[in-house]
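Enquirer: One letter stands for each residue in the lines below.
Number of protein chains: 2
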Amino acid sequence: MIAIDWGLSSFRAWRLGADGAVIAAMAAPRGIRGIGPGDFAGVLEELLSPWPGAREEPALLCGMVGSRQGWAEAPYAPCPARAEDIAAALMPVPGRQGSFIVPGLSCRNDGVADVMRGEETQILGLLPALGPGAHMLCLPGTHGKWAVVEDGAVVSFRTAMTGELYGLMRTHSTLAPVMPEGDGEGKGEGDGEDDAAFAAGVARAGDAGGLTHHLFGLRAGVLLGDVAADRLPAFLSGLLIGHEVRALAPEGRLVHVVGAPALTGRYARALALLGRQSVAHGEETAALGLAAIAHARGIA
Amino acid sequence: MIAIDWGLSSFRAWRLGADGAVIAAMAAPRGIRGIGPGDFAGVLEELLSPWPGAREEPALLCGMVGSRQGWAEAPYAPCPARAEDIAAALMPVPGRQGSFIVPGLSCRNDGVADVMRGEETQILGLLPALGPGAHMLCLPGTHGKWAVVEDGAVVSFRTAMTGELYGLMRTHSTLAPVMPEGDGEGKGEGDGEDDAAFAAGVARAGDAGGLTHHLFGLRAGVLLGDVAADRLPAFLSGLLIGHEVRALAPEGRLVHVVGAPALTGRYARALALLGRQSVAHGEETAALGLAAIAHARGIA
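Keeping their order, the protein sequence lines are chains G and L. Counting along the first sequence from 1, when you hit position 54 you're at 54 in this note's numbering, and nothing is skipped either side. Counting along the second sequence from 1, when you hit position 95 you're at 1095 in this note's numbering, and nothing is skipped either side.
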């Protein structure tokens, strides 16, 4: 079968053997953004064309492809959710025999809604490596997730829009004109590599005044010559991640950070600076999670 | 003389008598944004043309007109600052006899820089009404100020970019597509008038998880049908102001809120919901402040 993680800005696919092992992998900068409602089937066959016979294989898709803007909307499954619960809630792909879209998850904290779409698959893929008991996971990103898993179930989670806020500050705010050139996502190579500025941002998050006060301080610091403009991106990254970690990482608990190395490394640094222990995991766990869901559903 | 508050997006002027009393007032939507470096003199004469003889009168200008993007840069004067300190640091207007630009103020809290430009004049104008002793002032806006004044001096202040963050969320974030039409500044009539949603936002600011988590909750709430989209602007306004007030309003201290009624009313509501007492003041105190500075300098 074919396992696919199709997000807003990227497409990743894995060809899986009968035992769930990865036979081949591909990635393309072809997210769902900009794909018209009726064009998903055609775009998918085009993307999979390097793999002979892929057209006839069942596919399991996760990510924003299952959102309102995607191929077909797969309503969120409520927490707590195991692989079996997600498998039971799969949404058939219109017009593609034996293929399904994975639903996202929803939960409520203090009565307030939260949602994820795509990360549930990465989490499920990581579970076998974590073993039984309760674990704290962090999946940083545009909308980063902090999830509690227990004995094979995603129990609850909280989202922080840290990555999105970073991009807004970097490209649209009054800080943008004083920032050096760079990528607006904060995920790339150029930003956040200044360890000292990053650490200063993490520390600043603990001062009085709150986030919106700390953000203005970057502008004031440049105006008064306290802060060099080329240190701002790393400082901003540290400030935002510092606020996120302080608010969402429970003290005294090991945090499993899942994602691309540039980003997990930054979170590991912030967690260490704030006295939290962490372990980093690669984001290829998505393929394992899709295999687990397929197995639970009896696909392939 | 002519007293002028010339900000990024608006121009306000008052014609003052020898005793500092306002003889006439005008306002125009003609901020410094978009005025070329050499064009300020011409634009000012055009704006003042309804007042016969204004061309020959000395003018005192405050606001962003004194920034790097303005007519001439007036370096920030350090806190603590009295009217006399500001008067001593006035910057002559190039090519306009007897006219000056008011410098902004700078200060440091926990060693971190903060700046204001324009608000110092409003604060000075309010001081006579407050009397001696220490007072806490709040001047909400794009970059809202919380200032401590004592016996005629601005002692220190902190800025929160609450208004700017509101605009970014309203117009550029992933919340923007689910928001109803409205002004992006959060200062107008349309937003923030839903008292119950505003109060719910203020209360939400006290929950666990931090601001970037609370912001994502608005999106999740709409996706799951918990929150009606037309209540989001008022909820967002309450959430951001709630975070600001919790972080910056000291408990047990009367807060003097200075600004336009729509905005000061919103802050007074948030302060009351969080158990803080407040008094609202109109923003016309800028004319009084400019008169005080002119008096200290011996102008007019």
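Calculated directly from the structure, the hints in this document are not laboratory data. A couple of the hints might just be wrong.
Ranges between beta-carbon positions, derived for each pair [as the list claims (entries may be wrong)]: (1) Asp1151(L) to Pro78(G): 42 to 50 Å; (2) Glu1181(L) to Gly98(G): 37 to 45 Å; (3) Arg1253(L) to Gly131(G): 47 to 55 Å; (4) Val1178(L) to Asn109(G): 15 to 23 Å; (5) Ala1272(L) to Glu193(G): 54 to 62 Å; (6) Pro78(G) to Pro1250(L): 38 to 46 Å; (7) Asn109(G) to Pro1261(L): 33 to 41 Å; (8) Glu193(G) to Met1026(L): 30 to 38 Å; (9) Ala1280(L) to Leu130(G): 51 to 59 Å; (10) Ala176(G) to Glu1045(L): 29 to 37 Å; (11) Pro94(G) to Val1178(L): 21 to 29 Å.
Chain L residues, not near chain G, derived (Cβ > 12 Å throughout) [said to hold, decoys possible]: (12) Arg1108; (13) His1143; (14) Gly1167; (15) His1214; (16) Leu1215; (17) Ala1220.
Where is the CB? At the ideal position from N, CA and C, for every residue including glycine.
Enquirer: Give a verdict on every hint.
Expert: Going through the hints against the structure:
no., hint, in the structure
1, Asp1151(L) to Pro78(G): 42 to 50 Å, "violated, 60 Å"
2, Glu1181(L) to Gly98(G): 37 to 45 Å, "holds, 44 Å"
3, Arg1253(L) to Gly131(G): 47 to 55 Å, "holds, 52 Å"
4, Val1178(L) to Asn109(G): 15 to 23 Å, "holds, 20 Å"
5, Ala1272(L) to Glu193(G): 54 to 62 Å, "violated, 46 Å"
6, Pro78(G) to Pro1250(L): 38 to 46 Å, "holds, 42 Å"
7, Asn109(G) to Pro1261(L): 33 to 41 Å, "holds, 36 Å"
8, Glu193(G) to Met1026(L): 30 to 38 Å, "violated, 51 Å"
9, Ala1280(L) to Leu130(G): 51 to 59 Å, "holds, 55 Å"
10, Ala176(G) to Glu1045(L): 29 to 37 Å, "holds, 33 Å"
11, Pro94(G) to Val1178(L): 21 to 29 Å, "holds, 25 Å"
12, Arg1108, "violated, 9 Å"
13, His1143, "violated, 6 Å"
14, Gly1167, "violated, 9 Å"
15, His1214, "violated, 8 Å"
16, Leu1215, "violated, 5 Å"
17, Ala1220, "violated, 4 Å"
Violated hints, in rising order: 1, 5, 8, 12, 13, 14, 15, 16, 17; the structure is consistent with all others.
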